[in-house]
Structures are given as structure tokens and as C-alpha cells.
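K.L.:
Given next are the chains, with one letter for each unit.
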Amino acid sequence: MIQIFGYFIEELHGEYLKIVSFMPTPLIPRNQRWKVNGLSANFIADYVQIFSVYLPPASGDMNVPIPILSKNAIKYITNEILENAMKFSDAQQAIQMTFHLHGNQMIFQTIHSTNPQNTENFKKFIHTLLNEEPENLYIRQMESHAAAVDGTYSGLGLLSLICDYSAKLGWKFETFEQSPSTLITTMVSLPYSGS
Amino acid sequence: MELKTNDYHIVYHQNIATIICKGSLLLNGTLEYAPLSQLLNKAAQEEQFQLTLDVRQLDFLNSLGINTMTKFVITVRNKQTLQLRVIGQGEVPWQVKLLKNFQRLMPELAMVLE
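Chains as they are written, first to last, in my numbering: chain G, -17 to 177; chain R, 20 to 133.
Simulated from the structure, these hints should not be mistaken for laboratory data.
Cβ coordinates follow ideal geometry from the N, Cα and C atoms, glycine included.
Check the hints yourself; a few may be wrong.
[As the list claims (entries may be wrong)] Covered by chain G, per the in silico footprint, the following chain R stretches (three or more residues, Cβ under 8 Å):
1. 43 to 49
2. 61 to 75
3. 80 to 86
4. 89 to 103
So that you can see chain R by itself, here it is in the shape it has in the complex (with noise of 0.2 Å):
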């Protein structure tokens, strides 16, 4: 499953169970993130054990899309069955908070920075 336009392209690979998420998202309102939502949550629907979200090519993310990214960690968390792991750039302090924000909401979360 995957969602693909001339700014982002975010992609499911069901076979390593990890959303890879790939350049900018300046979407406006719930109505436009609504596909990444479904895709994010159709993930946590599918996979059993973990599911890993890429976002170290993420060049930008505005407030709205944190906030979709912050909602899906909270419905994985709440639904307590899936370990969630996130991964970013260390070097990139935006990533850093973003991640440092997702354990905050969700300490069981796999923070993982290279």
C-alpha cells in the first residue's frame, strides 16, 4: 500500500513490516492526511508482533502531520498487542523531538536514532 504524489511518497512493505515515509508533507486539514491515516492504521491492523515506521527521509512534516503520526501512536499503544518502533536521523533535531515526543506518549516505543 503506498501513497504517492510529487512532494511525499510513503510506502507499506507488508514483507518487513515497515512504513518508509519519503519527503515533505504540508498537507491542510484531517480530510488530506485521511489516507495516511488508513495507511498507518491499515499497518497496525495487519501485523501481529512489530511495525516499524521510517521517517529519516522525511524533509519536513507541519504541525498537522505530526499530529496524524502522534494520533496513530497513541491508537497503537492503546490497542497494547503491537510493539511500535520508530526511526530518524539523529542528526536532524526535528526528528529527535518528534521520536522523543512518540515515547513520551508511548515509553514501551522502540526509539531508534542513526
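So here's chain G without its partners, still in its complex pose (with noise of 0.2 Å):
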């Protein structure tokens, strides 16, 4: 069964760039692990650049440099969707980032596993997040986890995606007859003719 939520596009065409594919093993403890997301977001951010380089401009004017959004930009939404990918997956599964240009939005996408419970919790997030205006929620829940005592999840990540970097948010679930996981697609959606 799939469900879709958000601004989700099914079929992406445009220049497919890169998959960046994270494959966990029992060697290295999980908070080594965690360091990944940051070397792998910062080489993604530089990979970025470089590409944006060569990019026909929209207004078809070869000369006009394209601005697009900054290294470190790029670095904290490619982290941040690494990181809620790693926090939410399935220990034995891998973690798939892929990075697409599709007309005139970049699109970071991360693909994990994971349990019902987390499962869950996400679709109930997600349903508060598309219909509440995200400025207020994002106020709302820094008071809430201030006033939390425990971890609980807070869904700040990807509301400052949205309400800082005015990113567009979209997920892909997915779930198989034989296996009670379910796969997750987290899509983010910026456009690269401005920031």
C-alpha cells in the first residue's frame, strides 16, 4: 500500500545527479554512524555548487550566474533529513539519499525503514504539519519540547526546513505484505532560481 503526503512528486525527470546510499553495519557503533550525516551533507552541499555552475539560467540568458542557496544552507537541510532518516530506521537497513534537479526545483530526497510505532508517530506529525500554519506550530512546539522532560519527538527539524528555508516538504509511505516495516521517502523541494 502506498500513501502520499505533501507536496510529493511521484516521477522525477530533470538531471538525476547523485544516490548516496549508507549502508549500516554492526562494526561501527551508531554514534559513530551519526558522524556520517554531517561528512556526507557537507559533500553533497560542495557537489552542489559545482553543478549549479554549469545550469542553463531560467531566463535562457547563458551569462547570468544562477543564484542559488548557500553551501551551508544546503549542508543543514541535506543533514537534517540524514539525521531523521538515521534516527528512524531500522537498524539492518539501509539509508538511500538521492539528489535530483527536476525543472527548476532541487530535490533532496532520503528513503528509510522503519517500524509501526515510529510508523505512527510520523503519519500523526505529518497530519498536525499540513494542517496547522507552520510558523505557529513552529513556535508552538519549541515551547512544547522546552517543557518537555523527555526526548519526545518534536518534528523542529523539519519545521525549520519549511519555515526557515521555505522548503517544501513531501513523503512516500510504503508497506509490503511480508514485512512489518514500512518504507518511508522523504522528498524537500526548494527552488534553485532563488533562495
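Once you've looked at the hints, go ahead and assemble the two chains, each given alone in its own frame, into the complex.
P.N.:
In C-alpha cells form, the structure reads like this:
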């Protein structure tokens, strides 16, 4: 069964630039694997900067440089969705990240597998996110998170992508008969014609 | 009081009532951010009038790092006894956004962009 939420492009067109796949291994403790997120986000941010130089601007004028998101912004965005994927993934499943240029949009997406409890919690958060004004929810979640004793999921990272980086978020949830796990694709779409 | 690793260096200078943050913070979980929370809260307890948080030399902060700092701002706000001043770089968009979000949570916070 497939469920789609938010702004999700099912068939990505345009230039497909990169897949980075992270294979979990029992040899490396989880806290060490966590460091891979920042390293990978750094690489992807550098990589995207290089490719953007050669992209034709929307106006058709080859001499006009395209203003793109800063390297730090891309690093933050990719690091955030990698961290979320790693935090909530099944221990023995790979996490995959891709970067596409789809028309005038930069698309970053992660795919990870997670258990039923995480799936339900995430769906509840997405439902809240899609039915409330993001800026108000962002501030409210900051206040709730400050008051919370335990580390309950606040979704503040994803909210920061929407509120601080003007990103559009979408998700695809896929379930399979032979497995209790759900495959979740998180998609972040950003315009590359402006920041 | 200070926290120092290969990735970041955070120092509470009690003589100038200032916490200076340098480097990149990409820690995993509230447990890993607990030492930073403790340093921030200790500074807030020690100071009576004003405390300055200087993030100009922070290169990167992940969302949990931002949450740790917003939690600290809310704690100081709720105390109602301490003036909080935060200094960031005006040319660094994420720092500008960070300070503006702090100010949304604590309108009386002094935001300095240099």
C-alpha cells in the first residue's frame, strides 16, 4: 500500500545527479555512524555548488549566474533529513539519499525503513503539519519541547526546513505484506532560481 | 567552564558574562547536548543582570543544537530576572534566522548582528 502526503513528486524528471547509500554495519557503533551525516551533507553541499555553475538559467541568458542556496543551507537541509532517516530507521536496513534537479527545483530525498510505532508517530506529526500554519506550529513546538522532560519527537527540524528555508516537504509511505516495516521517502523541494 | 572537542569549543567567560561558541555542533540526541545545556544553564544561574551568548564563530548548528539553545532562551525568559543578549553575524543567513527566532520566543532579548 502506498500513501502520499504533502508536496511529493512521484516521477522525477530532469537531471539525476547523485545517489548516496549508507549501509549500516554492526562493526561501527551508531554514534560513530551519526558522524557520517555531517560528512555526507558537507560533500553533497559542495557537489551541488559545483554542478550549479553549469546549469542554464531559467531566463535563457547563459551569462547570468544562477543564485542558489548557500552551501551552508544545503548542508543544513541534507544533514537534517539524513539525521531524521538515521534516527528512525530499522537497524539493519540501508538509508538512501538522492539529489535531483526537476525543472526549476532542487529535490533532496531520503528513503529509510522504520517500525510501525515510528510510522504512526510520524503520520500523526505530518497530519498536524499539513493542517496547521507552519510558523505558529514551529513556535508552539519550540515551547512544548522546552517544557518536555523526555526526548519526545517534536518535528522541529522538519519545521525549520519549511519556516527558515522555504522548503516544500512531501512523504511517501509504502507497506508490504511480508514485512511489518514501512518504507518512508522524505522529499524536500527547493527552488534553485532563488534562495 | 568550557567544552572542547575537535569540532567545537564553547567557553563561559564569567568575568565578562559571555558564552562564546566556536566550531560546528552536530551532536546526536539530548544526552550528547546535555553538557552544553548544563553550561548554558550554569551561566544563567551565575549571572544576575545580563548574559551574552556569542555565536558569531559557530560554523554550523544542527536542529537539535538549535532546539537546545531555544530551550535555554525560554528558560531565561521564564526566569524574568536576566537580560539576554545574543550576538551573531549579519552576513550569515542562518545566524540571522536563529537570532530572529530567539527574539520571537523572548521579545525582550537583545539581538546584535555584526
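K.L.:
None of the hints should be skipped; say for each whether it holds.
P.N.:
Now for the hints, and whether the structure bears them out:
1. 43 to 49: holds (count 5)
2. 61 to 75: violated (count 0)
3. 80 to 86: It holds: at least three residues are needed, and the stretch 80 to 86 of chain R offers 5 whose Cβ sits within less than 8 Å of chain G.
4. 89 to 103: holds (count 4)
The structure shown violates just one earlier hint, number 2.
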